[in-house]
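**Student:** In case you want the letters, here they are:
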Amino acid sequence: MPAEAEKPMQEKKVSKQAKASVGEGTIKEKVQRRSFISWLAVAWVAFAAATGGFLTMILRIFFPNVLFEPPQSFKIGPPEEYEIGLVDIRWQAKFGTWIIRDSEGIYALSTVCTHLGCTPNWLENESKFKCPCHGSGFRKSGINFEGPAPRPLERYKIVMADDGQILIDKSKKFQYEKGQWSDPEAFLVV
Amino acid sequence: MSDKKNIFERFGESQVWKSIFRSGVPRTRRQRMMSVLNSVFLHLHPVRLPRHAVKLKFTWCMGGLTFFLFLVLTISGILLMFYYRPTAEYAYTDIIDLREQVPLGIMREIHRWGAHAMVITTWLHMFRVFMTGSYKPPREFNWSIGVLLLVLTLLLSFTGYLLPWDQLAMWAITVGGNMARATPFVGHEGPGAALLSIGDINFINMGADAKFALLGGRFVGEAALLRFYVLHCIGLPFVVMILMAVHFWRVRKDGGISGPT
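Those protein sequences? They're chains A and B, same order as listed. Numbering of the first sequence is given in numbering that gives the first Met the number 0, commencing with residue 0 and proceeding in unit increments. Numbering of the second sequence is given in numbering that gives the first Met the number 0, commencing with residue 0 and proceeding in unit increments.
The hints are simulated quantities; they were obtained by calculation from the structure and are not laboratory data. Even glycine gets a Cβ: it sits at the ideal position worked out from N, Cα and C. Any given hint could be a false lead.
[As the list claims (entries may be wrong)] Take a look, some chain A residues computed to stay more than 12 Å from chain B by CB distance: (1) A47; (2) L54; (3) E79; (4) G116; (5) S126; (6) G163; (7) S181; (8) F186.
[What the hints assert, rightly or not] Beyond 12 Å from chain B on every Cβ pair, some chain A residues (computed): (9) A48; (10) T50; (11) L66; (12) E68; (13) G76; (14) P77; (15) Y81; (16) I88; (17) S102; (18) C112; (19) C117; (20) E123; (21) P151; (22) D162; (23) K169; (24) K172.
[To be verified] Label-pair ranges, simulated between beta-carbon atoms: (25) B:I95 / A:F67: 39 to 47 Å; (26) B:R111 / A:N124: 47 to 55 Å; (27) B:G132 / A:A92: 52 to 60 Å; (28) B:I200 / A:V158: 45 to 53 Å; (29) A:S72 / B:E99: 18 to 26 Å; (30) A:A92 / B:E108: 31 to 39 Å; (31) B:G255 / A:G52: 19 to 27 Å; (32) A:P69 / B:L154: 26 to 34 Å; (33) A:H133 / B:V229: 27 to 35 Å; (34) B:I95 / A:N124: 30 to 38 Å; (35) B:G104 / A:S72: 53 to 61 Å; (36) B:G104 / A:F67: 31 to 39 Å; (37) B:A193 / A:E184: 16 to 24 Å.
Just need the whole structure built from these sequences, with the hints factored in.
**Tutor:** As structure tokens, this is what we get:
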């Protein structure tokens, strides 16, 4: 037992000698316990912030810069290509848009059902859009009249481009319930 | 003749055997304990079980069945991955081929029915734990882990739903994506999304919200298929396996399977 107790004593002596050899001038400049702990806290905060920032940056990978999708705005040819009184479904598959021309002008309806987002079918005989998922029905204007859909279909921005073609912009939409269908860009007067 | 060792005895004393099973044939109580503690697979479990823990009437073995189904789904899923290509061109026909052309065409059905069964057993396991009061302290943390595992089980079903790439899959995920779209603050049509804007610039918009991150695009397309495939095969199982290890380990640490009181 005594032999074991002596051992740490010897080590202490050695360490004391080592301290002495550093020189008295440097002892005062040594990092004290308090400042060491506060520096440690700063280091940990910096480390946590850097790690947190990096992990936040990783979230960015879920938002692609390039999409392999049809563009949000597109030209659909001159107004003469669209017959009065008809629902034109030629852009349904590619752009998700119905072009409808009545006696006053042309508007672009979204093909997304306002219930849960399925694509309704245009039924010419019954003159209505009928959603196959849950049976919502919409009139040619886009107004809902049957089924669970809570509001009318949305309309997209429709304007005349410089080259005489109709330009549709899906990034700007107009909702009937917000009174936006009277907006000049929601309706193309021909 | 009698002092001559047979082949099993000689193999049991060989270095190969002893290096793997260090505690030897479990004959004493200590050896039985050591054989559990020295195995990475067994050590998650308690060394000894109370008699009631193996009573089917009390546990229904629902947690064990859920884990068994997870193993079935992992193995059958890996086998399916050898043939399935997550692209718009091949996904649907590869699923047909898995049934019609690939040997053991039942593998896809096993994966599908196993997935249905796992959702059911997870709920029943949760029901049992609730009805026996096993969520109470000291097991409340493990109940929370279990809730996370339930959510992950449902997410695994949701992500697997898109992979057949048929009409049902497309529209089911369309509906799911629209739910993400309506999430408060992080969905661009959800409540509070309009608050996160400066002037005309909406930070939460059609091209940057929860639905967009989920689908990798504005609608369910090839990007969504790949995204769901990776989540289904790698991302979610990775998290599930970590949480399952914690879940099993905590059963032991919280005093073993709860018993009738």
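**Student:** All the hints need checking, so say for each whether the structure fits it.
**Tutor:** Tested hints:
no.: 1; hint: A47; result: holds (22 Å)
no.: 2; hint: L54; result: holds (15 Å)
no.: 3; hint: E79; result: holds (31 Å)
no.: 4; hint: G116; result: violated (4 Å)
no.: 5; hint: S126; result: holds (25 Å)
no.: 6; hint: G163; result: holds (29 Å)
no.: 7; hint: S181; result: holds (21 Å)
no.: 8; hint: F186; result: holds (22 Å)
no.: 9; hint: A48; result: holds (22 Å)
no.: 10; hint: T50; result: holds (19 Å)
no.: 11; hint: L66; result: violated (5 Å)
no.: 12; hint: E68; result: violated (5 Å)
no.: 13; hint: G76; result: holds (24 Å)
no.: 14; hint: P77; result: holds (27 Å)
no.: 15; hint: Y81; result: holds (25 Å)
no.: 16; hint: I88; result: holds (18 Å)
no.: 17; hint: S102; result: holds (33 Å)
no.: 18; hint: C112; result: violated (10 Å)
no.: 19; hint: C117; result: violated (5 Å)
no.: 20; hint: E123; result: holds (22 Å)
no.: 21; hint: P151; result: holds (15 Å)
no.: 22; hint: D162; result: holds (26 Å)
no.: 23; hint: K169; result: violated (9 Å)
no.: 24; hint: K172; result: violated (9 Å)
no.: 25; hint: B:I95 / A:F67: 39 to 47 Å; result: violated (25 Å)
no.: 26; hint: B:R111 / A:N124: 47 to 55 Å; result: violated (39 Å)
no.: 27; hint: B:G132 / A:A92: 52 to 60 Å; result: holds (56 Å)
no.: 28; hint: B:I200 / A:V158: 45 to 53 Å; result: violated (22 Å)
no.: 29; hint: A:S72 / B:E99: 18 to 26 Å; result: violated (43 Å)
no.: 30; hint: A:A92 / B:E108: 31 to 39 Å; result: holds (32 Å)
no.: 31; hint: B:G255 / A:G52: 19 to 27 Å; result: violated (43 Å)
no.: 32; hint: A:P69 / B:L154: 26 to 34 Å; result: holds (29 Å)
no.: 33; hint: A:H133 / B:V229: 27 to 35 Å; result: holds (31 Å)
no.: 34; hint: B:I95 / A:N124: 30 to 38 Å; result: holds (34 Å)
no.: 35; hint: B:G104 / A:S72: 53 to 61 Å; result: violated (46 Å)
no.: 36; hint: B:G104 / A:F67: 31 to 39 Å; result: holds (32 Å)
no.: 37; hint: B:A193 / A:E184: 16 to 24 Å; result: holds (20 Å)
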